[in-house]
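Undergrad: Chain residues, written in single-letter form:
2 protein chains.
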Amino acid sequence: MKLDPRHLEILAAVVDSGGVTEGAEALGKSQPSLSRTISNLEARVGEPLFVPGRRPLQATELGQLLAAHGRQVLEATQAAGKVLDRRKSGRSGTLRVGGAPFFMDAVIASRIARFQSEFPDVQVEQVYAYSPELQRHLRNGTLDVAICPMQPESIEPEFGFQVLLPGRNVIACREGHPLARKKSLSIADIGDCSWIAPPAGSPLFRDLQDALHGLGKTEVKISFSGGSLTSVLNMILESDALTVLPFSVVFSMRRTFNVVPLRIELQHPKRNLGLLKLKAADEPPVLGNFTRSIQAAFSEFASTVLHAEKALMEGRGQ
Amino acid sequence: MKLDPRHLEILAAVVDSGGVTEGAEALGKSQPSLSRTISNLEARVGEPLFVPGRRPLQATELGQLLAAHGRQVLEATQAAGKVLDRRKSGRSGTLRVGGAPFFMDAVIASRIARFQSEFPDVQVEQVYAYSPELQRHLRNGTLDVAICPMQPESIEPEFGFQVLLPGRNVIACREGHPLARKKSLSIADIGDCSWIAPPAGSPLFRDLQDALHGLGKTEVKISFSGGSLTSVLNMILESDALTVLPFSVVFSMRRTFNVVPLRIELQHPKRNLGLLKLKAADEPPVLGNFTRSIQAAFSEFASTVLHAEKALMEGRGQ
DNA sequence: TTTCCAATATATCACCGGGTTATGAAACTG
DNA sequence: CAGTTTCATAACCCGGTGATATATTGGAAA
Numbered sequence: 027m028k029l030d031p032r033h034l035e036i037l038a039a040v041v042d043s044g045g046v047t048e049g050a051e052a053l054g055k056s057q058p059s060l061s062r063t064i065s066n067l068e069a070r071v072g073e074p075l076f077v078p079g080r081r082p083l084q085a086t087e088l089g090q091l092l093a094a095h096g097r098q099v100l101e102a103t104q105a106a107g108k109v110l111d112r113r114k115s116g117r118s119g120t121l122r123v124g125g126a127p128f129f130m131d132a133v134i135a136s137r138i139a140r141f142q143s144e145f146p147d148v149q150v151e152q153v154y155a156y157s158p159e160l161q162r163h164l165r166n167g168t169l170d171v172a173i174c175p176m177q178p179e180s181i182e183p184e185f186g187f188q189v190l191l192p193g194r195n196v197i198a199c200r201e202g203h204p205l206a207r208k209k210s211l212s213i214a215d216i217g218d219c220s221w222i223a224p225p226a227g228s229p230l231f232r233d234l235q236d237a238l239h240g241l242g243k244t245e246v247k248i249s250f251s252g253g254s255l256t257s258v259l260n261m262i263l264e265s266d267a268l269t270v271l272p273f274s275v276v277f278s279m280r281r282t283f284n285v286v287p288l289r290i291e292l293q294h295p296k297r298n299l300g301l302l303k304l305k306a307a308d309e310p311p312v313l314g315n316f317t318r319s320i321q322a323a324f325s326e327f328a329s330t331v332l333h334a335e336k337a338l339m340e341g342r343g344q
Numbered sequence: 027m028k029l030d031p032r033h034l035e036i037l038a039a040v041v042d043s044g045g046v047t048e049g050a051e052a053l054g055k056s057q058p059s060l061s062r063t064i065s066n067l068e069a070r071v072g073e074p075l076f077v078p079g080r081r082p083l084q085a086t087e088l089g090q091l092l093a094a095h096g097r098q099v100l101e102a103t104q105a106a107g108k109v110l111d112r113r114k115s116g117r118s119g120t121l122r123v124g125g126a127p128f129f130m131d132a133v134i135a136s137r138i139a140r141f142q143s144e145f146p147d148v149q150v151e152q153v154y155a156y157s158p159e160l161q162r163h164l165r166n167g168t169l170d171v172a173i174c175p176m177q178p179e180s181i182e183p184e185f186g187f188q189v190l191l192p193g194r195n196v197i198a199c200r201e202g203h204p205l206a207r208k209k210s211l212s213i214a215d216i217g218d219c220s221w222i223a224p225p226a227g228s229p230l231f232r233d234l235q236d237a238l239h240g241l242g243k244t245e246v247k248i249s250f251s252g253g254s255l256t257s258v259l260n261m262i263l264e265s266d267a268l269t270v271l272p273f274s275v276v277f278s279m280r281r282t283f284n285v286v287p288l289r290i291e292l293q294h295p296k297r298n299l300g301l302l303k304l305k306a307a308d309e310p311p312v313l314g315n316f317t318r319s320i321q322a323a324f325s326e327f328a329s330t331v332l333h334a335e336k337a338l339m340e341g342r343g344q
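Protein sequences appear in the order of chains A and B.
Everything in the first sequence is counted per our numbering, starting at 27 for the first residue and increasing by one.
Everything in the second sequence is counted per our numbering, starting at 27 for the first residue and increasing by one.
Please note that a few of the clues may not be correct.
What the hints assert, rightly or not - Quick list of the computed label-pair ranges, beta carbon to beta carbon: (1) Arg81(A) / Met339(B): 54 to 60 Å; (2) Glu184(A) / Lys108(B): 42 to 48 Å; (3) Gly107(B) / Ser65(A): 15 to 21 Å; (4) Pro82(A) / Pro78(B): 51 to 57 Å; (5) Ala306(A) / Lys55(B): 32 to 38 Å; (6) Ile181(A) / Pro82(B): 36 to 42 Å; (7) Pro82(B) / Thr282(A): 56 to 62 Å; (8) Ala306(A) / Gln84(B): 31 to 37 Å.
These aren't lab readings, by the way, just hints derived from the structure by calculation.
Even for Gly, the Cβ is constructed at its ideal location relative to N, Cα and C.
Work out the full structure, taking the sequences as your base and the hints as a guide.
TA: The following block contains the structure:
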């Protein structure tokens with residue numbers, strides 16, 4: 027015999043709360059409604075669920091049995107409702123975050139970690155890609171938000187962009203590098219150093235070429251190309267090679283990899299690291315929490331980075 | 027957020043069966059019904075439960091989560107339905123059986139045990155009482171059926187009565203009793219034996235008085251009165267006292283208590299042991315099974331008892 | 001007892017939601 | 001690309017459930 031789970035819920039509520047009236051207010055319904063539902067259920071079952079003519083309403087054996095199952099139903103639905111509530115308040119769910127690889131490793135990941143310590147029930151999926159692909163993902167709906175460097179004027183109108191960190195590229199080398207101490211550098215100084223390049227498809231690779239071209243250097247000796255940030259920095263650490271990286275990345279990694287920026291100004295496109303989202307999409311609540319958390323984390327970080335940047339360019343070193 | 031357990035059930039069915047169509051036939055509903063229910067649920071939840079535009083319908087993460095709870099609901103309701111089915115088929119439930127004390131101990135209990143081995147999930151509550159009280163219980167609804175000796179003509183019209191065993195009272199004594207061997211007995215023989223009497227209120231007590239009066243004996247020496255069948259039989263066993271008992275009781279107990287009937291015919295009211303039920307009450311299914319089982323058991327038993335009875339009265343002994 | 005109170009059952013009505021069939025749209029199949 | 005399958009939509013009907021008002025009943029108090 028198939029019966030309605032709602033009826034079992036109601037039965038459980040009445041049995042557990044000790045009366046129709048109490049059960050009604052426990053469920054947020056009217057007393058006559060429950061009373062009739064119980065009657066219908068009894069008719070359907072063919073046996074009384076409550077012993078007739080007992081004023082402190084007392085369930086029959088069968089009533090107890092069915093109420094036990096009603097309790098299960100009640101628990102399950104309430105648990106389901108709770109899942110929804112937590113999602114709606116952004117304290118639970120899944121968030122797919124895309125990011126530019128080097129930034130992701132150096133500066134974003136640790137801020138995501140901080141977000142996750144605030145919202146431990148949120149599952150974050152990280153996707154590594156460059157801007158064009160990230161935009162594709164956002165459009166597809168396979169990504170909730172991207173954190174990547176963008177040129178403000180080249181952002182398509184369908185996207186919203188919130189700046190997290192002004193961008194500035196620098197040339198980086200290992201701490202003990204011969205050029206690291208020099209206050210002023212010329213093209214001649216960086217002469218025929220060999221270079222570590224980021225992966226060929228990355229914006230940084232173009233930045234590197236553009237930057238060297240801007241310094242007047244057309245022929246570049248590239249000894250290594252591609253790989254992750256870690257591999258690039260390991261190369262830098264173990265050699266006298268140079269590379270081009272965002273200052274914020276170098277700053278974040280200065281301790282763990284003993285890497286320093288050179289005191290020479292590069293020209294490069296004005297790109298800011300920021301949060302890229304689709305405007306149209308009504309963002310899930312968890313994304314709102316993520317945005318707030320990330321912005322807070324970066325506002326701290328940005329000020330220390332800018333301070334260090336200024337110090338460097340004024341020649342006060344690291 | 028409060029949501030409808032039926033929606034969760036449907037979601038679970040769709041997810042588990044792999045599609046709306048399959049889910050519909052699994053639940054015995056139409057496909058459009060489920061389709062719309064899912065749509066409504068998605069609208070209510072505010073997020074898609076299935077990834078749009080995938081033909082082998084694939085649940086989103088949230089869909090999976092809620093479906094898991096739906097599965098719980100489904101299980102609970104199905105379990106509740108099963109409980110009902112078993113009650114309706116009389117394979118489960120509670121049965122309150124009343125019985126006359128001596129009969130209950132000697133002949134009924136073992137037949138109830140047999141019923142319980144057939145229907146192990148049925149819980150039998152035994153009530154010991156004499157006919158008038160049993161009838162009260164039946165009228166009150168505090169008893170489903172009674173097994174007791176009744177005079178056919180004195181059964182009130184509201185009751186139905188099914189004979190299980192024709193009644194005949196005998197005088198019983200221990201096996202080695204001096205009177206036990208005698209083929210023909212007179213009043214003189216039982217002369218001034220002392221008597222063990224059943225409890226004062228019991229029909230058997232009256233039977234004893236009537237029987238002795240019928241034999242011409244007006245003065246009776248009662249050395250013990252009251253107590254259970256076991257205590258009465260123990261008294262018989264340990265002394266040369268006599269008592270009056272139904273033949274079927276003596277027959278059942280002849281081995282365990284070494285008790286035998288005297289070969290003297292008693293006159294007593296024509297009472298048959300039988301099943302007494304209220305006519306009006308639509309009996310619970312379990313009662314039908316009980317009735318069948320008990321009747322089958324007694325039809326065997328009755329024939330052996332009658333055979334032994336005949337043999338006794340023809341003087342062939344036990 | 002009788003009276004009164006609190007709790008439950010009944011009555012009535014409106015309406016939402018789910019049931020159905022018929023039909024259209026979309027996606028996987030060959 | 002056509003064929004097949006599956007899901008979504010439309011239109012309609014009906015039952016169940018919601019609410020308020022009211023009657024009834026069991027139990028306690030006078």
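Undergrad: Does each hint hold? Answer for all of them.
TA: Consistency of the hints with the structure:
Roughly 59 Å separates the CB atoms of Arg81(A) and Met339(B), a value that falls within the hinted 54 to 60 Å. Checked against the given bound of 42 to 48 Å, the beta carbons of Glu184(A) and Lys108(B), roughly 55 Å apart, lie outside it. Between Gly107(B) and Ser65(A), the C-beta spacing of about 19 Å keeps the proposed range 15 to 21 Å intact. Take Pro82(A) and Pro78(B): their Cβ atoms lie about 53 Å apart, and the range 51 to 57 Å holds.
At about 36 Å, the CB distance of Ala306(A) to Lys55(B) agrees with the hint of 32 to 38 Å. Here the CB-CB span from Ile181(A) to Pro82(B) is close to 37 Å, well matched to the stated 36 to 42 Å. A hinted range of 56 to 62 Å is violated for the C-beta pair Pro82(B) and Thr282(A), which are about 47 Å apart. Restraint check, Ala306(A) to Gln84(B): a C-beta distance of roughly 24 Å breaks the suggested window 31 to 37 Å.
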